[in-house]
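Peer 1: Spelled out from the first residue to the last, the chains are:
Protein chains: 2
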Amino acid sequence: MLCLKSATEAAWLERAIADTPALLIDHAHCERKAATQALTLLAEYPEHLELVAPVVAIAHEELEHFETVCGLLAARGLTPEPQAPTGYQSGLFKKVRKAEPDRLIDRLLVAALIEARSCERFKILSERHPDPELRAVFRDLLVSEARHHADFVRLAESQADRVTVHERLRHLAEVEVRAIERAKPLPRIHS
Amino acid sequence: MLCLKSATEAAWLERAIADTPALLIDHAHCERKAATQALTLLAEYPEHLELVAPVVAIAHEELEHFETVCGLLAARGLTPEPQAPTGYQSGLFKKVRKAEPDRLIDRLLVAALIEARSCERFKILSERHPDPELRAVFRDLLVSEARHHADFVRLAESQADRVTVHERLRHLAEVEVRAIERAKPLPRIHS
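As they're listed, the protein sequences go chains A and B.
-9 is the number of the first residue of the first sequence in my numbering; add one for each residue after it.
-9 is the number of the first residue of the second sequence in my numbering; add one for each residue after it.
Quick caveat, the hints were computed from the structure, so don't treat them as lab data.
Any given hint might turn out to be false.
Same chains, same names: a pair is fine if it fits in one copy or spans any two.
Derived EDC-like pairs: lysine to aspartate or glutamate, alpha-carbon spacing no greater than 20 Å straight-line [said to hold, decoys possible]:
id, residue 1, residue 2
1, K23, E34
2, K85, E164
3, K85, E57
4, K174, D9
5, K23, E40
Can you make the complete structure from the sequences, with help from the hints?
Peer 2: So, in C-alpha cells, the structure goes:
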C-alpha cells in the first residue's frame, strides 16, 4: 500500500485499542509535528519557492487535523501531555543523505513514507477500532494522508529524474520497515 | 500605538526603502517564523487545550501571509535566502521568566509585542513606501497583525488576573523598546 514494504501486525492494533487515550494524544502530537516539519522544510530551503504553495497547503491541512483531534481529546476529558519518542522518526531521518540535492529529495521521500504509514494505520483503525466515532474520524483523515503522500513524492520527482527518485523511494521504504520494527512497542501511530 | 512605548524613527523607513528586496525577503521569513512560533507554543503547552483554536487560527493566517509575500518575491524575481538575525527577537525572548505560569504569560505577551511592532511598521510602509503595490499589500496585512496582537493579549489575560498581566505588558513594552533600539540597523521589519 502506497509504496510501504510491510503490513502492520495485529499486535499494533491490540496496543492501540488497549490504550486508545494514549493513541489519540500521540495522534494530536503527530498532526502538530507534521505541520511543524513542513515549515522546517520551507525554512531550510527558502530559495525553493516552488515548494511554498504545496507545502503550505499540507501544513494548513495538518493544522486542521490537529484541531480536530484536540477537539476529540477535549470532548473525552483527555489532556495531552509530552510523550517519549518511539525512535521511528529518528530511525528514518538519520538515513537522509547530507549533500544536496540528495538531502532535499530524501527529506521529501521520508515525509512521503511517514504519511504512507499514517495512512495505512488510519485505514486499519477506520475498519477495526471498536469505537464508531473514532472509525469515522480516521476514515475522514486517511484520504488527506494518502494525498499528502502523493504530494511529497511528486515534489521529490520535481527535484531529479523520476527513475532515480523511485529507486531511492524503494530503498527508503526498506529503511522505514526497519524503523517501524525497531520502534518501541507503545500505543502510538508510528510504533 | 497598540501598547508600544516608542515610535519608529525615520531612519528605519529610509533603510527599508533603500533595500526593499531585503525587506521583503525578511518579511517572508517573519511570517513563516510567526507560524512556527505559534506551533512551538502549542508544543510547549500541550495541556493548554484552550490555546489550540486561537493559536491555530493565527498560524493559518501567518501561513497565508507567508504565501502572499512569497508570491510577491517570485513576481519580482527575488529569491529568499537565509538572513543573519538582528538580535531583536533574542533581546525579547531572554526576558521571558522561567517559572510557570509567568513563562507562558511572557511568551504570549512577547508574541503580542512582536505583532504590535509589525503592525506599526506595516502602517508606516502602507502610507509612505514609494511602491503602490507594496503600500496596498502592507495595508491588507496590518489589520491581521493588530488582531493577532489583541488575541495574544487576551490569551495572556486568560492565564492570570488582568491587572497583573497589563503591568507585565507595560514592563515588556519597555524591554521591546531597548530590543528594537539595539537591533542591528539592517533593512528588516524588526531592526
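Peer 1: Look at each hint and say if it fits the structure.
Peer 2: Evaluation of the provided hints:
no.	hint	verdict
1	K23 / E34	both (16 Å within a copy, 12 Å between copies)
2	K85 / E164	within (11 Å within a copy, 47 Å between copies)
3	K85 / E57	neither (31 Å within a copy, 30 Å between copies)
4	K174 / D9	within (15 Å within a copy, 52 Å between copies)
5	K23 / E40	between (22 Å within a copy, 19 Å between copies)
Violated hint: 3 only; the structure is consistent with all others.
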